[in-house]
Each structure stands twice: as C-alpha cells, then as structure tokens.
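There are 2 protein chains.
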Amino acid sequence: MHETCLIGLGAMGMGMARNILKAGIPLRGYDLSETARERLTEAGGRSFDSAVDAARGCDLLILMVVNAEQARAVVLTNGVAEVLKPGATVMLCSTVAPEDARALAADLEAAGLIMLDAPVSGGQVGAEAGSLTLMTSGPEAAYTRAQPVLDAIAGTVHRLGDKPGLGATYKVVHQLAAGVHLVAAAEVMALGARAGCDPEKLFGIVSTSAGRSWMYEDRVPRMLSGETDPASSVDIFVKDLGLVLQTGRDCATPLPLSAAAHQMMLAASAMGFGKLDDSCVIRAYEALTGYAAKTAEEE
Amino acid sequence: MHETCLIGLGAMGMGMARNILKAGIPLRGYDLSETARERLTEAGGRSFDSAVDAARGCDLLILMVVNAEQARAVVLTNGVAEVLKPGATVMLCSTVAPEDARALAADLEAAGLIMLDAPVSGGQVGAEAGSLTLMTSGPEAAYTRAQPVLDAIAGTVHRLGDKPGLGATYKVVHQLAAGVHLVAAAEVMALGARAGCDPEKLFGIVSTSAGRSWMYEDRVPRMLSGETDPASSVDIFVKDLGLVLQTGRDCATPLPLSAAAHQMMLAASAMGFGKLDDSCVIRAYEALTGYAAKTAEEE
Chain W
1 MHETCLIGLG
11 AMGMGMARNI
21 LKAGIPLRGY
31 DLSETARERL
41 TEAGGRSFDS
51 AVDAARGCDL
61 LILMVVNAEQ
71 ARAVVLTNGV
81 AEVLKPGATV
91 MLCSTVAPED
101 ARALAADLEA
111 AGLIMLDAPV
121 SGGQVGAEAG
131 SLTLMTSGPE
141 AAYTRAQPVL
151 DAIAGTVHRL
161 GDKPGLGATY
171 KVVHQLAAGV
181 HLVAAAEVMA
191 LGARAGCDPE
201 KLFGIVSTSA
211 GRSWMYEDRV
221 PRMLSGETDP
231 ASSVDIFVKD
241 LGLVLQTGRD
251 CATPLPLSAA
261 AHQMMLAASA
271 MGFGKLDDSC
281 VIRAYEALTG
291 YAAKTAEEE
Chain A
1 MHETCLIGLG
11 AMGMGMARNI
21 LKAGIPLRGY
31 DLSETARERL
41 TEAGGRSFDS
51 AVDAARGCDL
61 LILMVVNAEQ
71 ARAVVLTNGV
81 AEVLKPGATV
91 MLCSTVAPED
101 ARALAADLEA
111 AGLIMLDAPV
121 SGGQVGAEAG
131 SLTLMTSGPE
141 AAYTRAQPVL
151 DAIAGTVHRL
161 GDKPGLGATY
171 KVVHQLAAGV
181 HLVAAAEVMA
191 LGARAGCDPE
201 KLFGIVSTSA
211 GRSWMYEDRV
221 PRMLSGETDP
231 ASSVDIFVKD
241 LGLVLQTGRD
251 CATPLPLSAA
261 AHQMMLAASA
271 MGFGKLDDSC
281 VIRAYEALTG
291 YAAKTAEEE
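Protein chains in written order, with our numbering: chain W, 1 to 299; chain A, 1 to 299.
Hint data in this document are derived by calculation from the structure and do not stem from the laboratory. Note that the structure is predicted; figures quoted are calculated from it, not measured. Please note: incorrect hints may appear among the correct ones.
[To be verified] One side of the interface only, derived from the structure: several residues of chain A facing chain W at Cβ under 10 Å: (1) F48; (2) G130; (3) T133; (4) T156; (5) H181; (6) S213; (7) Y216; (8) T247; (9) A252; (10) S258; (11) L288.
Beta carbons are placed, not taken as given, at the ideal position from N, Cα and C, and that holds for glycine.
Using the sequences provided together with the hints, build the complete structure.
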C-alpha cells in the first residue's frame with residue numbers, strides 16, 4: 001500500500017497538500033505549528049504529533065521545509081529516514097544550495113532511500129492553484145513513485161537529469177534573475193521618484209518597454225500601493241540570494257549584481273521588513289534617500 | 001514654407017529619415033560621414049556639406065547625435081541656432097542626462113528657439129519600422145510643429161509634461177532597468193554554465209518563469225549564438241548607464257545595482273567589445289571565470 005507524507009505545512013506546503021488531497025491521494029503530514037496540523041485535518045489529511053509518526057511506513061516523503069538545515073534535521077537527525085519504508089522516495093521541494101542537495105541525496109542513498117530533487121517556483125498562488133513549476137532531477141524510480149503527486153501540484157515539471165542537485169542548481173540560478181530584477185524594480189522606482197517622474201506614468205512606460213521584467217510588473221504595483229502583507233517575504237530573498245552567492249562561491253563565479261541585490265534585501269530585513277512582502281525592499285532605497293518613492297508627486 | 005532638417009544619420013537617424021521621407025515630408029540632412037550623407041540622398045533627401053547649410057532656414061531641427069556634447073556643439077558652437085528660422089523647434093532625440101537636456105533647452109530659449117525633449121526607445125529595428133517609443137516633454141508649440149514627424153517615426157509618443165528634461169528623465173530611468181537586466185542576463189548565464197546547467201535548457205526555464213525580462217529574452221539567444229554584429233553596442237550602455245549614475249548623483253540617489261552593471265559594461269568595453277553587440281557583456285563574465293558560458297556542456 002502506498003502512503004504519502006508531507007512535512008512542512010506553511011503557505012506553500014498547505015497549498016500543495018490541498019491539491020494532493022483533491023487528486024484523491026491520501027496524505028499524512030506534520031508541521032511544528034499546531035494550527036497548521038489542524039488545517040491539514042480540516043482539509044481531509046491525517047496529521048500527527050511528530051515527524052517520525054507522520055512518516056512511519058510511508059514510501060513517499062515530501063519535504064517543504066524552509067531550508068537545507070531543516071531538511072537534514074527532519075530526515076537524518078530526527079530519525080525519519082529510519083521509519084520510512086525501505087527504498088522510499090524523498091522529494092525535496094525546498095530551495096537549497098546545489099551542494100546541500102547533493103550531500104543530502106548521498107546521505108539518503110546511504111540509508112537506502114532515493115532522493116528526488118524538486119524545488120518549486122510559482123509562490124503561494126501557484127501552490128494553491130496546483131500550477132507550480134518544478135525543476136527536478138533524480139533517478140527514474142523516484143519519478144515513477146512521485147508522478148501522481150507531481151501531476152497534482154504542478155503546471156510544469158522540468159526534468160533536468162538523473163542526478164539530484166541539478167534541480168537545485170536551476171532553481172538557484174533562476175532566483176538570481178528573480179532577485180536581481182526585484183531589487184532593480186525598486187532602484188528604478190527610487191531614482192524615478194527622486195528625479196521627478198510620476199510613479200504611475202513611469203510604471204506604465206517601463207512595464208511596456210524594453211525595461212520590463214516579470215518581477216517589475218508584479219511587484220511595482222505593490223510598492224506603489226504600500227502593500228506589506230506578504231505574498232513572498234523579504235527574508236525568503238535574503239535566503240535565496242544568499243544561496244545564489246553560496247553557489248557562486250562553490251563554483252568560483254563572481255556575481256557583482258547578485259551581491260549588491262543581496263545587500264539591499266538584507267537592509268530591508270534589518271529595517272524590520274523581513275517577514276513582510278518582498279516589495280518592501282523599496283523601503284531600503286527610501287531609507288537611503290529620505291524620500292518616499294510612491295508619494296513623490298504629492299510633495 | 002516648412003523645412004525639416006535631421007542631423008545625425010547613423011543607424012537610428014537613417015531609419016528615422018527614411019520614415020520621414022516615406023510620409024512625404026521633405027527632409028534636409030547632415031552627418032560627419034560622407035557615406036551617411038550619400039545614403040540620405042539615395043533615400044530621397046537633400047544632404048549638405050555642413051550642419052549650418054543643412055539647417056539654414058528650417059523651422060524643425062531633429063538631433064539624433066550621440067550625446068549632449070555633440071548636440072551642444074552642433075547647435076550652439078557651430079552656429080546652427082543662428083541660421084534656423086526664428087522660433088524654430090529643436091527636437092532632441094539623443095539620450096542625454098536630464099540636467100543636460102534642461103541646460104540645452106534654456107540656452108535654446110535664450111536664442112529664441114523652442115526645444116522638444118524627445119529621446120527614443122526601440123533601437124535600430126524600431127527606427128527602421130517607424131515604431132519607436134518616444135518619451136517627450138516640451139511646450140505645446142513644439143508638439144504642433146513636430147507632430148507630422150512624430151507620426152512618421154513613432155509607434156507610441158509619451159507626453160510627459162511641458163518642461164524639457166522630463167523626457168530625458170524617464171528615458172534615463174528606463175535605461176536603468178534595461179541596462180541592469182542585460183547585465184543580469186549575462187550573470188545568470190555565467191553562473192548557470194559554471195554550476196552545470198545546460199544553457200539552452202536554462203534559457204527555456206528562465207524565459208518562461210518569474211525570472212524573465214525583455215532583455216533576457218532578447219539578448220540571451222545572441223549570447224548563446226556568439227553573435228557580435230551590433231544591434232546595439234556595448235558602448236551605448238557604457239554611456240547610458242553612465243547617464244543613469246550621473247542622474248543619481250544629480251538628485252542624490254545611490255544606485256548600487258546600476259553601479260555594478262556599469263562596471264561590467266565598462267569591462268566588456270575595455271576588453272575590446274565596445275563597438276560590438278551589447279550581449280558581449282557575457283564576455284566580461286567569461287573573463288572573470290575563464291569559462292565559456294555557451295559551451296559549458298561540451299567540456
């Protein structure tokens with residue numbers, strides 16, 4: 001009998017859990033938060049009081065925890081690896097450094113388990129809609145076991161090779177583009193406001209010209225409305241641009257734009273915006289200039 | 001009788017000249033290059049051996065020269081202002097710093113002339129197709145005189161106010177986005193190649209995800225094909241990102257991403273790629289890593 005377990009029922013994990021359940025796949029789960037565990041029960045899943053109890057006897061474990069340290073702690077330190085069914089597949093959906101993905105895969109292999117490296121893109125919206133993009137790599141057997149879950153949560157599944165770590169590599173490199181574009185959007189709006197542009201007109205021009213990016217179009221409206229309720233938080237990009245720089249260091253590639261973008265995200269976090277929407281990086285530019293980007297024309 | 005003159009018949013100016021002539025507007029013109037002057041004659045315009053002769057008696061002067069220094073030299077130092085019809089409109093299409101646009105407008109006003117600040121976006125392709133985007137500002141009278149030319153060369157004309165300098169401001173701020181995104185595209189491909197991604201797969205993923213930008217989609221194929229024939233050159237972005245930084249300095253706004261991007265463009269120029277396609281900024285990353293971004297999988 002197949003049993004599936006999902007550990008990490010935050011904004012992303014809970015959206016994925018709902019779509020797995022909707023697809024008719026029985027789901028067990030665990031999260032540190034009792035509220036999150038209750039939400040899984042309400043959605044029709046079975047929640048447990050510990051990761052070990054949730055994972056016991058399962059042949060597919062999905063990890064949607066915050067980072068590589070948490071993934072290692074759950075599976076290796078807490079003993080989840082020992083209670084999974086022998087030969088079970090561990091699907092790592094967290095964004096981690098390629099080196100960390102490879103290291104975890106090796107340790108799981110030594111424990112008789114198979115890892116599917118499967119970081120996701122598309123945010124909370126994509127998780128709830130079942131339309132995530134997954135950048136995956138791993139052996140064929142892992143795909144075979146994970147396929148019904150992949151079908152339930154993803155709009156697109158990129159298969160990038162049979163070695164765990166490749167999925168993480170593509171995801172981290174992608175985050176370089178997303179993170180730099182997000183900070184660039186704030187830099188554009190900050191300079192525009194200071195130089196005398198009307199922010200709405202500037203948005204209209206840049207978002208329809210060669211200067212446009214997906215992040216610019218998506219985040220600038222939130223910078224202008226002052227929305228702080230997090231769709232994705234500043235601290236997620238502090239982490240992800242940190243992984244970009246770590247990956248650059250691991251393969252000896254200097255990344256001047258990523259380094260500058262990371263510093264601005266770190267400033268926004270230091271200012272107290274870490275848990276708020278990542279468009280709050282505009283506040284770091286405002287702090288540097290003493291000038292509100294969104295109210296420039298009113299002064 | 002209305003007379004129109006265009007000075008600066010390079011890749012951009014010549015495309016604009018052809019569309020002005022196609023619209024049935026008689027056009028006089030001048031360029032330092034004899035070849036360029038001959039091209040204007042072949043296209044049905046009248047070319048002259050000096051800027052002063054070309055501009056004499058005209059009531060609309062279009063400047064498509066390289067920078068503010070050239071614009072000032074042509075109009076003020078060389079005496080073109082004195083031979084234009086009194087009250088003539090000077091339409092400045094070059095990308096210049098907002099401060100320089102304002103200064104030129106003031107000097108032209110003192111000489112009894114009206115300036116239309118009208119930088120263009122859309123490159124050589126847009127110039128040839130008559131589909132340029134113009135970011136314009138200036139008094140109503142300037143628009144009235146320039147309208148037939150605007151109709152002939154532009155797909156979109158943004159009217160941003162009655163003060164010259166605003167057009168330049170929006171254009172320069174737009175170039176921040178375009179320039180940073182271009183260098184970011186190179187940084188993505190450089191890290192991807194070093195970290196073990198297949199460049200074509202990486203392009204397929206990033207260009208359809210939250211990491212995409214107009215510049216990424218447009219320039220990465222040229223980075224991968226090794227195209228160096230310039231659609232727009234490295235030195236144009238050395239100049240434009242320089243204007244971004246100058247504008248930031250003029251209005252006291254620190255721009256960490258723009259500064260880093262400018263350094264990478266400057267490196268590409270220093271390496272000898274200044275006159276080649278701006279996608280050659282990837283070569284600066286290759287120099288920093290001793291690694292060819294486009295041939296990663298072949299090694």
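Checked hints:
1. F48: Constraint on A:F48 not satisfied, violated at 34 Å.
2. G130: violated, 17 Å
3. T133: Holds: closest Cβ of chain W sits about 6 Å from A:T133, inside 10 Å.
4. T156: holds, 8 Å
5. H181: This interface hint holds because 6 Å falls under the 10 Å limit.
6. S213: holds, 4 Å
7. Y216: holds, 7 Å
8. T247: holds, 6 Å
9. A252: holds, 7 Å
10. S258: The hint holds - A:S258 has a Cβ within 10 Å of chain W, the shortest such distance being about 7 Å.
11. L288: Constraint on A:L288 satisfied, holds at 5 Å.
Hints 1 and 2, counting from the list given before, are not met by this structure.
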